[in-house]
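Starting from the known structure of chain X, arrange chains V, A, B, P, R, G and Z on it as the hints suggest.
There are 8 protein chains.
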Amino acid sequence: MTSIREALEELRQGKRDVDSVMGIISKGYDDIGCAKIDTSRERRAGCPEVILCEGKAMDQIKGIVGVMMAHGSNILATRASREAYEAIREVCPMARYNELARTVSIERKRIERPSTYIAIVTAGTSDLPVAEEALETAQILGNDVRLIPDVGVAGIHRLMDSIDEIRSARVVIVIAGMEGALASVVGGLVDRPVIAVPTSVGYGASFGGLSALLSMLNTCANGVGVVNIDNGFGAGFLASLINRL
Amino acid sequence: MTSIREALEELRQGKRDVDSVMGIISKGYDDIGCAKIDTSRERRAGCPEVILCEGKAMDQIKGIVGVMMAHGSNILATRASREAYEAIREVCPMARYNELARTVSIERKRIERPSTYIAIVTAGTSDLPVAEEALETAQILGNDVRLIPDVGVAGIHRLMDSIDEIRSARVVIVIAGMEGALASVVGGLVDRPVIAVPTSVGYGASFGGLSALLSMLNTCANGVGVVNIDNGFGAGFLASLINRL
Amino acid sequence: MTSIREALEELRQGKRDVDSVMGIISKGYDDIGCAKIDTSRERRAGCPEVILCEGKAMDQIKGIVGVMMAHGSNILATRASREAYEAIREVCPMARYNELARTVSIERKRIERPSTYIAIVTAGTSDLPVAEEALETAQILGNDVRLIPDVGVAGIHRLMDSIDEIRSARVVIVIAGMEGALASVVGGLVDRPVIAVPTSVGYGASFGGLSALLSMLNTCANGVGVVNIDNGFGAGFLASLINRL
Amino acid sequence: MTSIREALEELRQGKRDVDSVMGIISKGYDDIGCAKIDTSRERRAGCPEVILCEGKAMDQIKGIVGVMMAHGSNILATRASREAYEAIREVCPMARYNELARTVSIERKRIERPSTYIAIVTAGTSDLPVAEEALETAQILGNDVRLIPDVGVAGIHRLMDSIDEIRSARVVIVIAGMEGALASVVGGLVDRPVIAVPTSVGYGASFGGLSALLSMLNTCANGVGVVNIDNGFGAGFLASLINRL
Amino acid sequence: MTSIREALEELRQGKRDVDSVMGIISKGYDDIGCAKIDTSRERRAGCPEVILCEGKAMDQIKGIVGVMMAHGSNILATRASREAYEAIREVCPMARYNELARTVSIERKRIERPSTYIAIVTAGTSDLPVAEEALETAQILGNDVRLIPDVGVAGIHRLMDSIDEIRSARVVIVIAGMEGALASVVGGLVDRPVIAVPTSVGYGASFGGLSALLSMLNTCANGVGVVNIDNGFGAGFLASLINRL
Amino acid sequence: MTSIREALEELRQGKRDVDSVMGIISKGYDDIGCAKIDTSRERRAGCPEVILCEGKAMDQIKGIVGVMMAHGSNILATRASREAYEAIREVCPMARYNELARTVSIERKRIERPSTYIAIVTAGTSDLPVAEEALETAQILGNDVRLIPDVGVAGIHRLMDSIDEIRSARVVIVIAGMEGALASVVGGLVDRPVIAVPTSVGYGASFGGLSALLSMLNTCANGVGVVNIDNGFGAGFLASLINRL
Amino acid sequence: MTSIREALEELRQGKRDVDSVMGIISKGYDDIGCAKIDTSRERRAGCPEVILCEGKAMDQIKGIVGVMMAHGSNILATRASREAYEAIREVCPMARYNELARTVSIERKRIERPSTYIAIVTAGTSDLPVAEEALETAQILGNDVRLIPDVGVAGIHRLMDSIDEIRSARVVIVIAGMEGALASVVGGLVDRPVIAVPTSVGYGASFGGLSALLSMLNTCANGVGVVNIDNGFGAGFLASLINRL
Amino acid sequence: MTSIREALEELRQGKRDVDSVMGIISKGYDDIGCAKIDTSRERRAGCPEVILCEGKAMDQIKGIVGVMMAHGSNILATRASREAYEAIREVCPMARYNELARTVSIERKRIERPSTYIAIVTAGTSDLPVAEEALETAQILGNDVRLIPDVGVAGIHRLMDSIDEIRSARVVIVIAGMEGALASVVGGLVDRPVIAVPTSVGYGASFGGLSALLSMLNTCANGVGVVNIDNGFGAGFLASLINRL
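Protein chains in written order, with my numbering: chain X, 3 to 247; chain V, 3 to 247; chain A, 3 to 247; chain B, 3 to 247; chain P, 3 to 247; chain R, 3 to 247; chain G, 3 to 247; chain Z, 3 to 247.
Mixed in with the good hints, there may be bad ones.
Result set (DSS-like, lysine-lysine): computed pairs, CA atoms no more than 25 Å apart in a straight line [what the hints assert, rightly or not]:
1) A:Lys29 with Z:Lys29
2) X:Lys29 with G:Lys29
3) R:Lys29 with B:Lys29
4) V:Lys29 with P:Lys29
5) X:Lys29 with X:Lys64
Honestly, the hints are just simulated from the structure, not real lab data.
As the structure is a computational prediction, the values presented were derived from the model and not from experiment.
Only chain X is shown next, with the shape it has when bound in the complex:
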């Protein structure tokens, strides 16, 4: 229940010995009361902990960012309202906000990028927020990205025109709402792993993205993995893992 910062302060004041501080540091997380920040995730799972702002108080967000700043990591916060961004900026003025994506990025060390790239393909213009979240995620994790928006199946010649650029990617993210057919069509045309992201774009019987989700899970194409509805972050993360293999 002692945070690393408190432990170090106590060490400096002679109230705690080195072994005890070592024990706290080696736990692999930093306990700040409301949260236990996972400081070993980067080593263990390939990337520092990412902050999902939704459902967290401004103070909690600031506290978590502050600690992560102290640990020196790059930081990504998702589902961040403008208010959350302002709060983070108080702790770290260099934070960058992507309003469409609702992400805050703090890139303190640039990660080396492989020569291959990730293609992000969207069915419509309304899918762009999810695409931007995937893009921000993939970039901060050290990847080049190419964004190919608005190539949905209602006008399939638009897709065909970009198909070479898609085929040359190492991994492809397909983002679509409504009936989500684009994932199957792309999946049938490329020999690369496809990550499908259903979006909540649509109305009526789209049931908040359920229609696109079921479509993608039932795809007749091969080589398609699906993430949660509107989960641009999850797609960007998985794509990064694959692109950086």
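Coordinates of chains V, A, B, P, R, G and Z only, in the frame set by chain X:
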């Protein structure tokens, strides 16, 4: 509660007068106890009543076919087991069975066919039973049909190869299970009314055709109407109404 | 990634040759960054692209309308808030707003209308917004429409009183919420294609239109195709395709 | 844990005194181990306990019937397979089986019937099993019933032809599968309580009767109460309560 | 398309003859453009049309009330916001508002009441708005009502204390949210028809009333009919039909 | 229909005799019109009635608190807005508000606490409001609680670090949203009863907590009971029953 | 990948040394290829692993039982067909089969039982198989059990007659299908932890137990935890943990 | 509509010229009537078409295998009954059947394998059929596989014991039914792409795999993509794409 046949018999025997029989005939249906066969549907809704065999006893089916024979109509029975077919053949030896479609057809007068045709397109080989039901329905109602099977989006070049034949149809039926993406792709490529039939082909999260159904309802393409899961009959009927306009 | 307008400008300035511009034009879409406007849809699918405003930023909408204006098409924007309408009016002062339907229409060339008409029938007064969307769609695509509101099955004599006008239409749109029974009743009374539109009118176990949607898909009447919940546009479009065959 | 029969036997043998037996009898149920037969239900809720055979072993059914026989009640068993009927007949040879309804009836005292009647209306022939269950239930509880089958909305003139007979009933049961529209149409035409029974007749998106159930719950007509899918017994019971008020 | 008022005005001005007006009146509804007010419902279905305010514009509501006033009926408007009430009061200052029930009542002629009464029972205090809607409905239709609130099964002795008053009613309405168990318990204790109303009171897995709805449909008690979630009006109406038989 | 306070007042004024007041008191509840406050619940079910504020008017809440104050019980109000808290404070200034938990507690007599404790474990920081509700509930019912937040399975070493503290509890509450996996992992590691609380934390296909709920119901671990989504109160109550056995 | 038996055999033959065998034993599971039998579960989670027979081949079941026999544990196999029982009997002739419960029990050492008991209460006779599974589980884990069947709320006096026996239990299991109301009624009457088990008994809108499950999760009573549909084993296990605290 | 074999035969007989045959071959599929076998998929999407046997007749399967044999591909047939295997063996005696996986493999040319491997991890023994399907798929596509069964979270030490082998894989497939928690736990422990496969193992509220599916989609771990319920093939295919990058 008197059937037309009983009324006529009573007339012949002098037990009933002509006006009373006229009254029974002019009701627009023939009451045989378990069923009230709709004898005015052809005039009113463009086609005689069709017999849905599922959930009916063999005796009921035979009784209904017998009465419809007496009225001189063409007859179509759907969801007919082989046992139902055998029962119908006792009443009408000329009945023809399509095992794949599970339909029994009795074509007593050939309806004149318009010069245009209906295209029936399927995503996979497993969708053929539904396609055959649509085909049998459209044919007995007086339409030429062209069947283009197995052109699902996992290999979209197969569809492109047949697209001219599809575009030349007056109305197109698209039949697909799993994610049902074919309806959207075809809908984006033709300027004809498209009738989409989701099928229960698939497993897991296809939930008995729900996935394809939602896909088709949420299609980003224009000009698509949807019928019930596996409802080849309904699609064939609606296509016939449009083709014969 | 070059829009047609940019390409033409470069041609005028001598920075691009004619062949290159021809290549860009012949792609069949106009790439304006956030969207790829489908300029070949009218030829391919019978109607120019329609703008679904929901989920799009005001700037995106204005951009898309501007380009479509340049291409000379009639324009229809659906699910348009008053704010979206104001944005469009900046680009095109002649734009007309139907507040109930939430559509913006820009009719630059009047399409010749066939002599037949489309009947739009609603179960209740609360279904009128969906009916108006269908009506605006059908009209801008070149169809005469007759609107018959509030003839739901709780007082079926109201329907019977208008049945001749409905039967004389070439195609019928039936719009109903709650239990959606009107589609079946109309379907049983006419020999024309019926397009059924479930609406989200209702409460409790209507589950946002699910009840009416299932009703219409399971109709015991023949010749009924269903579109998405509240999808007046889709119904108007499909009806137009049929009416103009 | 002593059944009434055991208690009486012990009384006869002098092993138990009268007060103790009175105590057991006055509990209002007869405890036979696997079941506690509710002997006071007739007084309390207007009808003796009814045996739902589904999920019970043959021995349990026989045991329960045997005890109820001893109590002198009329007996109704529902969802009874032929095997269950044979088991009951061993205990009571006068038991009568309605194969369609899957009910076993033992009518030991005829209940006086009111002069009014219950109308049972079905949409199709396939709804007859549920109608027969309702009919058997209403009859054994002391009601006259009129059955009007196969008047579904696809041919609404059949309903209109019987509407006077329906309107003259004291209470109306409407039984329909698929989209269940008949309940709304009847509800709009009569000023009597309507009990709606959705059936599992249908396929695809009828989801085992869910479609009809939602329809009936969302009816735009007034005066309609709904019971469980395929619950002919429940409808017959409720109708009897109302008819016998 | 001519309203009765317009027809009478034209008759007065000599622009229309008596037969023509008779024809308009005898249609059984009054066509005011956005609505066809069902003037024969009282005769046909036992009660004048009721106005569901939800989804209607203020002008439409005022128009409909105005016409119904002219026809002399008692008027009930449900799901009425305060704004709707103010609108109605402009047309009819004697209108009375029940804020909890969200009903507006205009009682112009008092209907004779039978000597029996309707019991309305609620599980909790939060179910009172639905109970009040049922109560207002039953009263304007001419019934005495007794309201017994907050007797849910978590403290079943409260119910037992009122059970005699409930048993003496001619028909019982049970209103409950959460798990809806009260309907089954009451159903097992009375020999009267029970109308069960699930409410949306609850959270989490109550799914907006679905839990209580399913409970009531699956009740192990006999003699229970169910209406839509939160449908106090429907329950009051059906109870009135039964109480006034 | 007489509240206990009214009865006592009438006794004091000589308008009511002692026996009559005894009868009112011995009913086991206090009838204040809109509510019947269950005064025997503490004796019968181990705890006084708890006030669910959601869906109740401020006046009703104040009335209920006032009566319960008179009965001398500890009081817990859940799902209390700040407005509800202010209302309660008018009646009882010593009321304490936990903003995160949205509970109001009035602890008038301290209940003796057993030496064992309840462990409350959360998967993430966003689950804290539910955890606080459980904590407040358990404490007012007389239990020591240890809260271990943010030990979700994405960083399972955090859980392992606290596992001894969890194992030493007498009963464990596990609170998790999203996929709810923590309940299974904890369930597999301890030999104590585990109460699992799914939360609505998540988005997309979490469907408001359904995902976590199903996870917990289907857990492969043994010894896990589940309560409603976000039902911290229910978990705290059940844990108290077990801890105080 | 070496099973403990193989390791011991190799030790006996001098092919393996003691330390290596110690390592294999201390892993806390026995790896037999298709399964890793959890030999430390008894110490860790209070009970040896239980065999869920469903989905396992006969050979796998025999293999697992054989190894567990060697480890000396009591053994419980659930969801066991008669065929599975016969297979187990080949390995262990003393195995006992409860056909109703579908359990196989092998009790090799009798566990000392606490003086308190578990009450198992069922709503109907059809719930007995689930009750028997709970009973067998609780007994082999060392508990006394009292079974109180068929006290569902349709005849609540049956429950009241047994309420003292239920209240005297240390923990109560309530098993009910259909609407599952019994859990709420019992929960309101006792001050003991209640474990609610929804069953799939019912039809139509019970949706395989979903209705009872939702009821129990939404119970208005306090102190109720829920396990999966038909999960008698889970309830018996949790009850044992609580009873043996 | 001419198959390649027919075309070649006609060429041999001089009935067709070389150019015409070239046209048929270059279509990229072989049209055999009921199916259009996608002969270009290997080049286009990295693997020849795979035969889903479910829903296909024996003759269709044989026909498709025959043609694919002629094209020289490796062949994989999934969801193959033993009957389907026998049918295939008539065409190709070297076909190999994996009864657990229900796959038929015909490996005509061995594909070179990369040095990395795919780890397949299952929660329980009952998940093995899905694991075997994934394994067969991955192997025929040219991958080394390590299978680690029965390491579900109820005994997490079993997983920890194999974690190094899992971490060393290039890509990990996690297969789990019930609550599917294993995917999250593994996802939190490795820095490799994880493909999660929900299975239909479970009962009650697992709803045929829905519970595990939702769990996996809502995982709090990063880097997880999900495929359809029981879709071992899809997971094996996607894993192969990633492993062979």
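Structure-based check of all given hints:
1. A:Lys29 with Z:Lys29: Roughly 23 Å separates the two Cα atoms, so the pair holds.
2. X:Lys29 with G:Lys29: holds, 23 Å
3. R:Lys29 with B:Lys29: Answer holds: Lys29 (chain R) to Lys29 (chain B) is near 23 Å, not above 25 Å.
4. V:Lys29 with P:Lys29: This hinted pair holds, its Cα atoms lying about 23 Å apart.
5. X:Lys29 with X:Lys64: holds, 22 Å
Against the hints set out earlier in the document, no violation occurs for any number.
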